[in-house]
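Engineer: Residue strings, one per chain:
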Amino acid sequence: MTTTLMSNAKNTYTQPVLLKNARIIDPQRGLDKTMDILLEKGKICALGNAIAPPAGAIVEDLAGLVVAPGFVDMHVHLREPGFEHKETIESGTLSALYGGFTAVCCMPNTNPAIDDESMVRFVHSQGKVVHGGMVDVFPIAAVTKKREGKELAAIAELVQAGAVGLSDDGAPVYDAEIMRRALEYAGMYDVPIMQHCEDPSLVRGGAMNEGFVATELGLPGMPHIAEEIMVARDLMLAEYTGSRYHVCHVSSAGSVELVRAAKKKGIRVTAEVAPHHFTLTDDAVRSYDTNTKMNPPLRTVADVEALKEGLRDGTVDVIATDHAPHSLDEKEVDYLQEPFGIVGLETSLALSITMLVEPGILTLTQLIEKLSVNPRRIIGKPVEIKEGAEAVLTIFNPKKQWTIETEQLHSKSKNTPFGGREVTGKAAGIVNNGLVMRY
Amino acid sequence: MPLSTPHLLGLHGAPEKDIELILDTAVSFKEILNRPIKKVPTLQGKTIVNLFFENSTRTRISFELAERRLSADVVNFSASGSSVSKGETLKDTARNIEAMKIDMVVMRHGAAGAAHFLTRVVQARVLNAGDGLHEHPTQALLDMYTLKEKFGRLAGLRVCIVGDIAHSRVARSNIYGLRTMGAEVSVCGPSTLIPKEIEKLGVKVYHRIDEVLPKVDALNVLRIQMERQSGGLFPSLREYHRFFGVTKERLDRVDHPITIMHPGPINRDVELSADVADGPHSVILEQVLNGVAIRMAALYLLGATQ
Numbered sequence: 001m002t003t004t005l006m007s008n009a010k011n012t013y014t015q016p017v018l019l020k021n022a023r024i025i026d027p028q029r030g031l032d033k034t035m036d037i038l039l040e041k042g043k044i045c046a047l048g049n050a051i052a053p054p055a056g057a058i059v060e061d062l063a064g065l066v067v068a069p070g071f072v073d074m075h076v077h078l079r080e081p082g083f084e085h086k087e088t089i090e091s092g093t094l095s096a097l098y099g100g101f102t103a104v105c106c107m108p109n110t111n112p113a114i115d116d117e118s119m120v121r122f123v124h125s126q127g128k129v130v131h132g133g134m135v136d137v138f139p140i141a142a143v144t145k146k147r148e149g150k151e152l153a154a155i156a157e158l159v160q161a162g163a164v165g166l167s168d169d170g171a172p173v174y175d176a177e178i179m180r181r182a183l184e185y186a187g188m189y190d191v192p193i194m195q196h197c198e199d200p201s202l203v204r205g206g207a208m209n210e211g212f213v214a215t216e217l218g219l220p221g222m223p224h225i226a227e228e229i230m231v232a233r234d235l236m237l238a239e240y241t242g243s244r245y246h247v248c249h250v251s252s253a254g255s256v257e258l259v260r261a262a263k264k265k266g267i268r269v270t271a272e273v274a275p276h277h278f279t280l281t282d283d284a285v286r287s288y289d290t291n292t293k294m295n296p297p298l299r300t301v302a303d304v305e306a307l308k309e310g311l312r313d314g315t316v317d318v319i320a321t322d323h324a325p326h327s328l329d330e331k332e333v334d335y336l337q338e339p340f341g342i343v344g345l346e347t348s349l350a351l352s353i354t355m356l357v358e359p360g361i362l363t364l365t366q367l368i369e370k371l372s373v374n375p376r377r378i379i380g381k382p383v384e385i386k387e388g389a390e391a392v393l394t395i396f397n398p399k400k401q402w403t404i405e406t407e408q409l410h411s412k413s414k415n416t417p418f419g420g421r422e423v424t425g426k427a428a429g430i431v432n433n434g435l436v437m438r439y
Numbered sequence: 440m441p442l443s444t445p446h447l448l449g450l451h452g453a454p455e456k457d458i459e460l461i462l463d464t465a466v467s468f469k470e471i472l473n474r475p476i477k478k479v480p481t482l483q484g485k486t487i488v489n490l491f492f493e494n495s496t497r498t499r500i501s502f503e504l505a506e507r508r509l510s511a512d513v514v515n516f517s518a519s520g521s522s523v524s525k526g527e528t529l530k531d532t533a534r535n536i537e538a539m540k541i542d543m544v545v546m547r548h549g550a551a552g553a554a555h556f557l558t559r560v561v562q563a564r565v566l567n568a569g570d571g572l573h574e575h576p577t578q579a580l581l582d583m584y585t586l587k588e589k590f591g592r593l594a595g596l597r598v599c600i601v602g603d604i605a606h607s608r609v610a611r612s613n614i615y616g617l618r619t620m621g622a623e624v625s626v627c628g629p630s631t632l633i634p635k636e637i638e639k640l641g642v643k644v645y646h647r648i649d650e651v652l653p654k655v656d657a658l659n660v661l662r663i664q665m666e667r668q669s670g671g672l673f674p675s676l677r678e679y680h681r682f683f684g685v686t687k688e689r690l691d692r693v694d695h696p697i698t699i700m701h702p703g704p705i706n707r708d709v710e711l712s713a714d715v716a717d718g719p720h721s722v723i724l725e726q727v728l729n730g731v732a733i734r735m736a737a738l739y740l741l742g743a744t745q
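Protein chains in written order, with the working numbering: chain A, 1 to 439; chain B, 440 to 745.
Hints are computed from structural coordinates only; laboratory data are not their basis.
Among these hints, one or two may not hold up.
Unchecked claim - Straight-line Cα separation of at most 27 Å, DSS-like style, residue types lysine-lysine; simulated pairs: (1) B:Lys-530 - A:Lys-414; (2) A:Lys-331 - B:Lys-530; (3) A:Lys-308 - B:Lys-540; (4) A:Lys-331 - B:Lys-478; (5) B:Lys-530 - A:Lys-412.
None of these values were measured; they are calculated from a predicted model.
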């Protein structure tokens, strides 16, 4: 890979950068045009055809590449503090950087949990330190103290400190009364509650989707109704309170249907889907590969089809990875013992293009909505491609064919079931906070 | 003729000729077991470790006996009192044992897929002696051997597996093996103990034992685990016995004899009444003897492909 502009993320650019012949897509502005884009001092200075390079400018031909508003992965686990053997903010954002993400939202299931303002500030500021602050780290804080589901965390303080959403992810807010109050309280600041939907009483000891494959394999099942029952309850609470509610990692056809109906009713709900849920089914578990164990679990062909339809018709707003690093030692155990989750930052764009854009389910514009516009709207961090705006950009090659190689991933953990898979579409660089990175 | 596989992990997808080969080979080993001197030099110089992460008395003894009758060197490893309780992973345990130059591993483990996992981390031949709720191939093979001995065939034989199908590796292996050999398989038990979509495996599902009895040649009665009651899966052992228990009274109402099997250990007067367990149509002790012959056959065939 040629590094044409800056050899690494630590280099800031002081001279102007002219990106020529890029296909620039900004769905918010109805923009899809091949143009030049001139960047200077972290801003978009000019946008147009045949821009003449100013003196001393770096000029790069981006023919064949797409430039989009910077991608956000709004559901990642950076593991710091507490689980630095799995991932750190530094290693996780490096992975984000190579995945084409200018920002990530990190979940609060760290140790200690991100449940007070000092923790929010720590995570946010650590993001500014690593890689020159090239990847924004937007913390999602806990809904309840210690994520125990018993008492509300200091939501106002957390939001003031910079939390962009609230979640006890990894576990649901199980108590309906607490969930109601959380929605009401967070509603004052218009931040979303992002729920990990799972009724724990229905999945006890479960390791994979309940159904025929689980029956054959003799693995304890997690039925899709465990997810849907909580989605249904929460949608009623969201309607009752009028607050914003976001469904994390939707995995089942029933959940898609519930969200679709709720949106029709005007309930303020948004939803995300993870690439592994629209790429794989529970058939993949037949290998007993521990990298096929996730929560929610891989489901059936019918569920995958429903997720794709939900993405297509707008029921599902966001593609987010649920990037969940686990060390090799933790994954190299038997299927029941090993922890849930896989890494996703560097495979998200490729799987999305391969599974959704190539088969014609989403246009590139719609894909950019799911990876940038919609998640940014949900977390309140919109960016646009227009003259005078901050330059927050993702550059990618939608046609690039490559093979995912586990060892090449930049995350500290390599737990992915996609090693060896041939895919189409690859990030080619990002621009953020006055830095340009091309790879 | 060797087996088509270097390991015996399960009967799911096992070819008919592999099953036939093991069953046929067991015939000659059973003949050896009836001799005054029951030992052959077949696996002399081979070392086999019995890796038992779950408590088991009869399966472990059956394997150990089979191994010793084949003149193998035998090492026993059980989880309690081992480094496993000190937090060692299955992978480390297995690799340490392999570093001692073991030829074959017989493993029982609480997690489905553990035997598959083992084949990825060690070079030795792996024989699955039960992995979680998944498979217990030698148990199914000995059940099939017993049925074949009794009826002279498996094709067309009508077999019902009764009890906790959801939590049974014996049930799964029997379903896979019997279906491959052309038997007609049904299951019977409370709906809470029948796993989702099991009918897709080609078995009929019954919830009334009296309905199934006239339609079968043999019953394989599974042990009811006490903890399933506390787990809320059925209300009481008394009710279980009254509605699903295999009793003499029930069997007498059917106009043909039904062969009774049980993988043991039996909860007398819960899933099986004592007079049936000890009755004329019970082949439960034959199963125990056949178990040794089947395990000798499986060990021999895996050893022979080495």
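Engineer: Take the hints in turn and mark each one as holding or not.
Structural biologist: Each hint, compared with the structure:
| no. | hint | in the structure |
| --- | --- | --- |
| 1 | B:Lys-530 - A:Lys-414 | holds (18 Å) |
| 2 | A:Lys-331 - B:Lys-530 | holds (11 Å) |
| 3 | A:Lys-308 - B:Lys-540 | violated (51 Å) |
| 4 | A:Lys-331 - B:Lys-478 | violated (43 Å) |
| 5 | B:Lys-530 - A:Lys-412 | holds (21 Å) |
Hints 3 and 4 from the earlier list are contradicted by this structure; the remaining hints agree with it.
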